[in-house]
Amino acid sequence: MAVIAPARRRLAATVAVLGAAPLALAGLSTAPAAAHGSLSDPVSRVSACFAEGPENPRSAACKAAVAVGGTQALYDWNGVNIANAAGKHRELIPDGKLCSAGNDKFKGLDLPRADWPSTPMEAGSHTFRFRATAPHKGSFELYLTKASYDPAQPLKWSDLEEKPFATATDPALESGSYVFDGTVPQASGRQLIYSVWQRSDSPEAFYACSDVDFGGESAGDGTAEAAPAPAASAPSEEEIDEGADKSSVEHDGHGDDDAATNAEVTEAAPADGATGTDGADGAGANAPEPNNVAASPAGAAPSDVALAETGGSSSTSSLAIGGAAALAVGASVLFVSVRRRAAGGAHRA
1 MAVIAPARRR LAATVAVLGA APLALAGLST APAAAHGSLS DPVSRVSACF AEGPENPRSA
61 ACKAAVAVGG TQALYDWNGV NIANAAGKHR ELIPDGKLCS AGNDKFKGLD LPRADWPSTP
121 MEAGSHTFRF RATAPHKGSF ELYLTKASYD PAQPLKWSDL EEKPFATATD PALESGSYVF
181 DGTVPQASGR QLIYSVWQRS DSPEAFYACS DVDFGGESAG DGTAEAAPAP AASAPSEEEI
241 DEGADKSSVE HDGHGDDDAA TNAEVTEAAP ADGATGTDGA DGAGANAPEP NNVAASPAGA
301 APSDVALAET GGSSSTSSLA IGGAAALAVG ASVLFVSVRR RAAGGAHRA
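Numbering (the numbering used here), first residue to last: 1 to 349.
Check the hints yourself; a few may be wrong.
What the hints assert, rightly or not - Derived lysine-lysine pairs resembling DSS-like cross-links, with alpha carbons at most 30 Å apart:
#	residue 1	residue 2
1	Lys88	Lys107
2	Lys63	Lys107
3	Lys107	Lys163
4	Lys63	Lys246
5	Lys88	Lys163
6	Lys146	Lys246
7	Lys163	Lys246
8	Lys107	Lys137
9	Lys146	Lys163
10	Lys163	Lys137
11	Lys146	Lys107
12	Lys63	Lys146
13	Lys246	Lys107
14	Lys137	Lys63
If you're looking for bench data, these hints aren't it; they were derived computationally from the structure.
My request is simple: use the sequences and hints to build the entire structure.
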């Protein structure tokens, strides 16, 4: 009996370890999903060009964007982001690069033109939709350009109203889109709605420029030759599915590194408070030229980039699964070994 009791205790301990193995497997193999998406009502600039077809867009503005930045930016329509933004949008994104979020891959979206595909817009209540290919908790802020905005000039932070006209925190997700209401201010002519989606479970943030038309003439229409702007259309689910194979941004939460697309992301402006041309908080025209680092958003360490951009890389999940599997196998071997020793001890007794 003196032999059997220790053996049983060892067996019980092994069973406990073996029972914990599935929990370890579940914990290690589950990586947080990424957040990806873009505004679909009103249609974002990048979404409209993607819907036209990256290889042969119809509108002159989208053709120009492809000529400058290539087609990959459009296939990656849901990835205009900064991995470690943490709310420092004005510090990280310089004037003239708001639509690309300072990411060189999306530089074609920053072209100052008055003929980007646009969405008709009216003042008053409006239901906004943000197509999320990987949903996450977070908050939305929508900013409207000022009456003085000229679409033929590079977009600056000072072109936006100081405060958002619509905000939402963890809005309802309906058929793959976040849906929330807001009240659109009075405006005239061609304007732009700038959206910021800041995740609350990560420092990552997503950005979008949506060209809108309130009718009438805006201030910018008198300073540049007005060109006809085609109507913007959001990509259909079929178009999103068809384009996913050519995207470097996975839609299921685990993605490839942006190094495959030679993306360059703007680093943060000096922390001592660079200001815009009108003195507003932000990286202004007088700020030093930002340094670009390939696939390294805002100076983040390489190990942090994969986690912030994708919520966990494919190598992370593979390593986790492999480690957990090894733990489970080891526990099984230990279980069998202890069982044999216990049986042997009982027999000798």
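* To do: Could you tell me which of the numbered hints above are not met by this structure, giving the numbers in increasing order?
  => 6, 7, 14
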